[in-house]
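Engineer: Each chain, written out:
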Amino acid sequence: MEKRMNPALVVQLIISGFLMGGVYSLIALGLSLIFGVLRVINFAHGEMMIWGMYIAYTILLLTGIDPFFSLVVSAGALFILGYIVQRVVVNRIIEFPEAMQVIAMIGTALIFENGARLIWGPDYRSPASRFALSSIWIGEIMIDVPRLLAFLIAILIAALVFLFLKYTDTGKAIRSSADNRLGALLVGTDVNRVYAVCFGIGTACVGAAGALLVPLMPLSPHIGPPFTMVSFIIVILGGMGSLIGAVVGGLIVGVAESVATIFLPSSLKQIVSFTLMVAILLLRPKGLFGR
Amino acid sequence: MVKVYTFLGLILLILLLLPLMLNQYLLGIFVFIFYYAYLGQCWNILTGYTGNISLGHSLYVGIGAYVSTMLSMHVGLSPWIGMFIGALGAALIGLIMGYLAFRFGLKNVYFVLITIAFAEIGRLVALHLKPLGQFMGLFIDFKPGWANLQFKGNLPYYYIGLGFVIFSLVVVRMLELSKLGRYFVALREDEDAAESVGVNAIKYKMIAVGISSFMTALAGTFYANYIFYLHPTSVMSMALSIEIVLRPIIGGLGTLFGPLIGSFLITPLAEISRSFFAKAGFEGLHVLIYGVLLVASVLFFPRGMISYIKKALSPVLRGSK
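In order, the protein sequence lines correspond to chains A and B. Using our numbering, the letters of the first sequence map in sequence onto residues 1 to 291. Using our numbering, the letters of the second sequence map in sequence onto residues 292 to 612.
If you are wondering where the hints come from, they were derived from the structure by calculation, not from laboratory data. Backbone N, C-alpha and C define an ideal beta-carbon position, used for all residues, glycine too. There's no promise every hint is true.
To spell it out: a stretch of chain B is covered by chain A in this simulated footprint if at least three of its residues, at any positions, have a beta carbon under 8 Å from a beta carbon of chain A; those stretches are [said to hold, decoys possible]:
1) 296-305
2) 414-422
3) 526-538
For each label pair, taking beta carbons as the anchor points, the in silico distance ranges come out as [unchecked claim]:
4) B:Ala484 <-> A:Ser267: 33 to 39 Å
5) A:Gly183 <-> B:Gly454: 56 to 62 Å
6) A:Ile136 <-> B:Tyr520: 43 to 49 Å
7) A:Pro285 <-> B:Arg473: 27 to 33 Å
8) A:Trp137 <-> B:Phe591: 55 to 61 Å
9) B:Ile563 <-> A:Val11: 53 to 59 Å
10) A:Phe96 <-> B:Ser564: 52 to 58 Å
Bound-form chain B, shown alone:
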């Protein structure tokens, strides 16, 4: 174990010192790497560990973004506090949906469909609410300062994003070691068997939805104060839900480092190809490549990149287990 911790500590040290060598553009890419790695990890808690696929996680991002932004604009509440109120709101919606779905025994595809339905209803409602700017979208005033979670330049966002990622890794690692996490995995592997030995399936799946939606919404606030513009078709869309899903699947579903590895592989590729292809007149090509990657990862490496990385690193970390 010692070697593993040394290795991880080394990576953390590199990530802490890396901004010294990065320009604003590269910092921005890293901000998105962290942002999507964090979102992927939140989604991973529900889908990777309990096996219930959500394709509506953008709903929670949107709730987090809008609640904290509205509170900051109209009440002057700092986003640092607003983000937790937004997260509570998202968790409430997530729990209502989870209760309905689990109470009525929706599994597999039926669960996927209800998550999509909730997210789409949320998007359509948000699109018609006057205070949210309707079809124009919502522009957020730029008032830099720690209290407002707004900064000039990308450096503070880099460290906050990194903080988010570390926070999510710690939460998931604690889950993995706890009884709760074992229950999650038991439910994923065989719900009937888990229930027959006394695991309360509805209760633990509800807990997973609650944690996942709460944490997802926090990132919404971060996004709002990084981009300064919110529109339901960007923060509550199916497209964002797919972005969230993509990275943990490529990296390794239901693994601690899968979402982060997936994000390091996909995000730079996406950011660079997005601008590169758009310039060349091939808009949409990068999403087509997402499609190919999703299909290929299911067909050819369903256990994700992490299994290859583990294999590659095993000589270095040998004797650690």
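Isolated chain A (complex conformation):
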């Protein structure tokens, strides 16, 4: 324990947690966007993410194209899947009691998780990406190049989503439908299409994030649910429906999980996040940035 507490290691863990947090931010951004607009919690979020991972992985395997480029395909595919899920499932349960919504979304999650398992098999896979082993040293601190790239790209995509919502017509329609569904209907917005596009963008975010994670961790069909949980924790921390909250929350949770490995075995790091979530739920259920 004494040896582990050296300051360089702490800085190291903070940095690598922060970089990972950027990807968390992108994942949570998608969830928060969907919740903010549709008022539905996507319990299949992490399960959809692994589809993004597997798509990037398959492209890497077949063509050698790095996930950092093929993330465009992952995001596009997940946009389509999200659009379909919204049309087939979410759109029909949007007026249901929340209880029934949760159950339908859990069902959707099981379909995605086990669909991936049927297609790609249950085993863990760690593809060799071109950047996998490269790293930069700054003094005693090591920075993983794939992690740094994943962070930068994730933040870039998040920024693009913000710009899209702020300046494009579709983005404005999404924000107005979130603010006032009836009002948007009255001025002739096709709310169902807006909802479907919004759900698609949310799942495209998580699809891109999945591709970014391919070089960082072994993938298996069953790593989805923990990511769903992490994204819930982040969104609750940041404030349900708050996009800035999702980004900031992602960075906080990334650092917290990483620093926690100083005190706890890494298999227990999730306890920190869950405890954080319970505390936030009880003390400030609106989250840091919630209205």
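Use these hints to put chain B onto chain A, whose structure you have.
Structural biologist: Positioned in the frame of chain A, the structure of chain B alone reads:
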């Protein structure tokens, strides 16, 4: 009413005599039908009747299983007594969680999330406790006998499981007829309205959590002494919580016979397809089918199979109401 009771009595008689015709494999399937019907009923008390969805009920199964097993292994206490100590422990945890959640006004999705968080914390802690075998899991010694709740062959488990189911049906039926049950339903339908006429929402929701977690934990002991192996990823997992939720929803949420009907429909399907698909190399397909069933039941028959069964049986039981 007489006709309904005759009908139910007939079904009970069939279930009591059925083992005469079943082999060990089929008996085993029935044990699981009863086990999941009972768990579904326990969950139904909280979720079906008061409307608070728990996706962390596996936590109570795990507490029940581990407490009674540890007491039996280290103190030599019979599981018949240990199961009640485990149930008290589970109820305590359930009440702490319920108090926090209700005191701070967590509803709907927020309540779901806190139940998941508690269950996951429980699973992670259990996974790191040395006496529970950590990642190896815990093997339970086989010492058959009534005192140890362990038997050779499935027949005794069949009758104990059936007993559990009847016990849960009686409890829920008594609830339905009592003032307490009416309060539960009032809180589910409209909490603000119920409170405005003087129903103490926190108190009655706490009672529901307490009963539900206590009863759920009893089944954990049963499971431990039927399977003889415990691992947090099987008895405290989200997967088990989903199994628990599935049957009452398919059968009919908030109804007396929903969980049992759901279990009769789903459990054999699950047991057969699990082994069948695994043999054919399609592991996971049966869980995918669970997913489809959950989505379909919400979209197409949100009131559950029981509404169709009632309709089908109404000519037989006509004039009974």
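Engineer: Hint by hint, say whether it matches the structure.
Structural biologist: How the hints compare with the structure:
1. 296-305: violated (count 0)
2. 414-422: holds (count 4)
3. 526-538: It holds, with 3 qualifying residues against the three required.
4. B:Ala484 <-> A:Ser267: 33 to 39 Å: This hint is violated: roughly 46 Å between Cβ atoms.
5. A:Gly183 <-> B:Gly454: 56 to 62 Å: holds (58 Å)
6. A:Ile136 <-> B:Tyr520: 43 to 49 Å: Holds, at about 48 Å.
7. A:Pro285 <-> B:Arg473: 27 to 33 Å: With a Cβ separation near 30 Å, Pro285 of chain A and Arg473 of chain B satisfy 27 to 33 Å, so the hint holds.
8. A:Trp137 <-> B:Phe591: 55 to 61 Å: holds (59 Å)
9. B:Ile563 <-> A:Val11: 53 to 59 Å: holds (56 Å)
10. A:Phe96 <-> B:Ser564: 52 to 58 Å: violated (28 Å)
Hints 1, 4, 10, counting from the list given before, are not met by this structure.
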